[in-house]
Amino acid sequence: MDSLTKDKKNKDKSSFEKEDYKYGFHDPDNSVYKSERGLSEEVVRNISKMKDEPQWMLDFRLNALAIFLKKPMPNWGDVESLHNIKFDDIFYFVKSTEKQGRNWDEVPEDIKNTFDKLGIPEAEQKFLGGVTAQYESEVVYHSIREDLEKLGVLFTDMDTALKIHPEIVKKYFATIIPPNDNKFAALNSAAWSGGSFIYVPPDTDVAIPLQAYFRINTENMGQFERTLIIADKNSKVHYIEGCTAPTYTSDSLHSAVVELIALEGATIRYSTIQNWSTNVYNLVTKRAVAEKNARVEWVDGNIGSKLTMKYPAIYLNGEGAHGEVLSIAYAGKNQHQDAGSKIVHAAPNTTSNILSKSLSKAGGHSSYRGLVKVHAGAYGSRTNVQCDALMLDDKSRSDTYPYMEIEEENGVKVHHEATVSKVDDDMLFYLMSRGISEDEAKGMVINGFIEPFTKELPMEYAVELNRLIQLEMEGAIG
Amino acid sequence: MSENVLLEITNLHAEYVNNQEDNESIKILNGINLVIEQGKTHAIMGPNGSGKSTLSAVLMGHPAYKITEGEIRFKNPESGQLESILELEPHERARLGMFLSFQSPVSIPGLPVSLFLRNSLKNIRGKDIPVREFRKELKENLSALEMNPELTKRYLNEGFSGGEKKRMEILQLSLIKPALAILDEIDSGLDIDALRQVSNGINRLVDANRSFVLITHYKRLLEYVKPDKVHILSKGRIIKEGGNELVETLEKDGYEAFVKAAEVA
Chain A
6 MDSLTKDKKN
16 KDKSSFEKED
26 YKYGFHDPDN
36 SVYKSERGLS
46 EEVVRNISKM
56 KDEPQWMLDF
66 RLNALAIFLK
76 KPMPNWGDVE
86 SLHNIKFDDI
96 FYFVKSTEKQ
106 GRNWDEVPED
116 IKNTFDKLGI
126 PEAEQKFLGG
136 VTAQYESEVV
146 YHSIREDLEK
156 LGVLFTDMDT
166 ALKIHPEIVK
176 KYFATIIPPN
186 DNKFAALNSA
196 AWSGGSFIYV
206 PPDTDVAIPL
216 QAYFRINTEN
226 MGQFERTLII
236 ADKNSKVHYI
246 EGCTAPTYTS
256 DSLHSAVVEL
266 IALEGATIRY
276 STIQNWSTNV
286 YNLVTKRAVA
296 EKNARVEWVD
306 GNIGSKLTMK
316 YPAIYLNGEG
326 AHGEVLSIAY
336 AGKNQHQDAG
346 SKIVHAAPNT
356 TSNILSKSLS
366 KAGGHSSYRG
376 LVKVHAGAYG
386 SRTNVQCDAL
396 MLDDKSRSDT
406 YPYMEIEEEN
416 GVKVHHEATV
426 SKVDDDMLFY
436 LMSRGISEDE
446 AKGMVINGFI
456 EPFTKELPME
466 YAVELNRLIQ
476 LEMEGAIG
Chain B
878 MSENVLLEIT
888 NLHAEYVNNQ
898 EDNESIKILN
908 GINLVIEQGK
918 THAIMGPNGS
928 GKSTLSAVLM
938 GHPAYKITEG
948 EIRFKNPESG
958 QLESILELEP
968 HERARLGMFL
978 SFQSPVSIPG
988 LPVSLFLRNS
998 LKNIRGKDIP
1008 VREFRKELKE
1018 NLSALEMNPE
1028 LTKRYLNEGF
1038 SGGEKKRMEI
1048 LQLSLIKPAL
1058 AILDEIDSGL
1068 DIDALRQVSN
1078 GINRLVDANR
1088 SFVLITHYKR
1098 LLEYVKPDKV
1108 HILSKGRIIK
1118 EGGNELVETL
1128 EKDGYEAFVK
1138 AAEVA
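Protein chains in written order, with my numbering: chain A, 6 to 483; chain B, 878 to 1142.
Chain A extracted, bound-state conformation (with noise of 0.2 Å):
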């Protein structure tokens, strides 16, 4: 009876939701292979085996299969919400179409449709350095331009650079974030397909931003990207990532795993944005390593899903490394942001910055979870975090939970700053007095309060994020 009642109220709220989110279309269901649902030897033996994998790739994914079925769920977080997960209902590999596009004509008519209403090839035209779009578990249009291959710059799906470029693969992937390093760690390597693969060779600026964009496309699907991006010596690279996803009945699990390797003097950008549809599990497990002298900075924005777990990592494993995390949440109805940042100093003067804005609404619920460790022997790092939370109403919630861990004091500094706030009305009053309307005035006041973060993305990621803010403020009226 229980059961029957939830199975009701689910239902309720997805044809609300349907109706209600933006990118909520999907094209039929033309996947060629399906495997079956749930988790087992069997499946992952299969996934290895049509991809045609090395032997060491399939050892490493039973490996990570036997650490995923023994590993406990984590016991913070949204505890309840993860128990809800229903491992043994999700497929585990979809491949979409047989062979890869090479180029935009080879692409199948129903996915460039869904490119089309994303908007991708207007952004590739602008300045794409390369297209990897990944269309359910399988990279389906693939380019690279031509000044990128020049460069030396390797820009790949994950499973062709396995194919073509082992060597490199083997010796970096799963090096930051091995199997056993949590249970949906675990899952991905087991089960991973697609994702992005990059590497930048010294002394290479590559002043194009690179860009991928994903989507899940069938119902009850997990989607488990790997991407591993590596900046050799001196080099520069800024990587793009930004989904959105249509609404279906029941639950998807989206969970990636992404390695940043930001060699010695290295700089890496990973930007993000997510705007999942609200039944997606979205629990992502992103870390990098930052040598000597190396810049490592995720900009991550989750605007949907359900439950969002998150918390971009940086090591500072070298002398002057440093690290950046800025970040939003926007937690809505029925929506969980638990997200944040990890950031440990192993290296003497290690520099470190934490921007975390979030926004809650309607019964929204964001917390901010951080650690900044800094090790023995890290003398003179230096530290900053700043969280800032808007609540739109007074039924929303915000938590924040900053832990420090500091186990050097010479020439150590750490600075914490945490806000709570409401929309103030005075602000209101003032825009309201010159001709702009409630609701606009606060898409404003919003949109100003998350602009340290919107600043830092490219245009046309940034002209949407406001938009998005400002569609989501119209639909608070009444």
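Read the hints as simulated data drawn from the structure, not as lab findings. Each hint should be verified, as a subset may be incorrect.
Claimed, not checked - Okay, derived cross-link-like pairs now, DSS-like style, lysine-lysine, Cα gap no bigger than 25 Å in a straight line:
| # | chain 1 | residue 1 | chain 2 | residue 2 |
| --- | --- | --- | --- | --- |
| 1 | B | Lys943 | A | Lys427 |
| 2 | A | Lys460 | B | Lys1030 |
| 3 | B | Lys943 | B | Lys917 |
| 4 | A | Lys427 | A | Lys400 |
| 5 | B | Lys1103 | B | Lys917 |
| 6 | B | Lys1042 | A | Lys427 |
| 7 | B | Lys1042 | B | Lys1103 |
| 8 | A | Lys460 | B | Lys999 |
Just so you know, these numbers come straight off a predicted model, no measurement behind them.
Since chain A is already given, all that's left is putting chain B on it; use the hints.
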């Protein structure tokens, strides 16, 4: 005469709602009667706590004030008729042609001045303004007000000095060009040069179709901007009205004399 009336305030009583849950409130306006004609400049003077700022906030529709009695009517630019504005939201009043310059304008972090101004004008004029046109208009007004164009690249009033905030108000006034400009202590916190610039900015806009309500403590603003009528406010009531000569009397005798005379009467 009534054809020329722009704003008509009748027996206005208002209170400040201190705590909405407990219904605690403080009575501030106690029966204001005031008529503003088109093209006229009025000065409202009065001691601290007399209700000057409340009057301006109430006219613009601030939600913290409750009107318990009385009426405010404003000339609708389309019908040409005086219509009650009590039910209108602040942005609707602004779109009818009312403008309020704040005594202490708020700052809005992260909101670029130029974006704010363009959105405001779009709403006031009811149509989008092409970027190039907007830039040209902005540039002309900045130079007329002797303002640093860099200010428009910053976030609204964030880190602005008192004088810069006041000039930002005048910049908005000159872009919006309202039928009625209520300027609440536009002269406070200004040095002599800034006062001259702000006053010049106001005088540029004085014409037969625009009315001003200048709310001030002191006569120095009124030396630059000459009022047609002066009203003295005390305890939420207008206790004396007259021409420009009232300013001189006030400067000589102080508010106290007027307040006492009103009490005797």
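Hint check:
1. Lys943(B) with Lys427(A): It holds: about 23 Å lies between the C-alpha atoms, which stays within 25 Å.
2. Lys460(A) with Lys1030(B): With Cα atoms ~13 Å apart, Lys460(A) and Lys1030(B) stay inside 25 Å; holds.
3. Lys943(B) with Lys917(B): With Cα atoms ~28 Å apart, Lys943(B) and Lys917(B) exceed 25 Å; violated.
4. Lys427(A) with Lys400(A): holds, 12 Å
5. Lys1103(B) with Lys917(B): holds, 10 Å
6. Lys1042(B) with Lys427(A): With a Cα-Cα distance of about 24 Å, the restraint between Lys1042(B) and Lys427(A) holds, given a limit of 25 Å.
7. Lys1042(B) with Lys1103(B): holds, 23 Å
8. Lys460(A) with Lys999(B): holds, 24 Å
Violation of the numbered hints given earlier is confined to hint 3; every other hint is satisfied by the structure.
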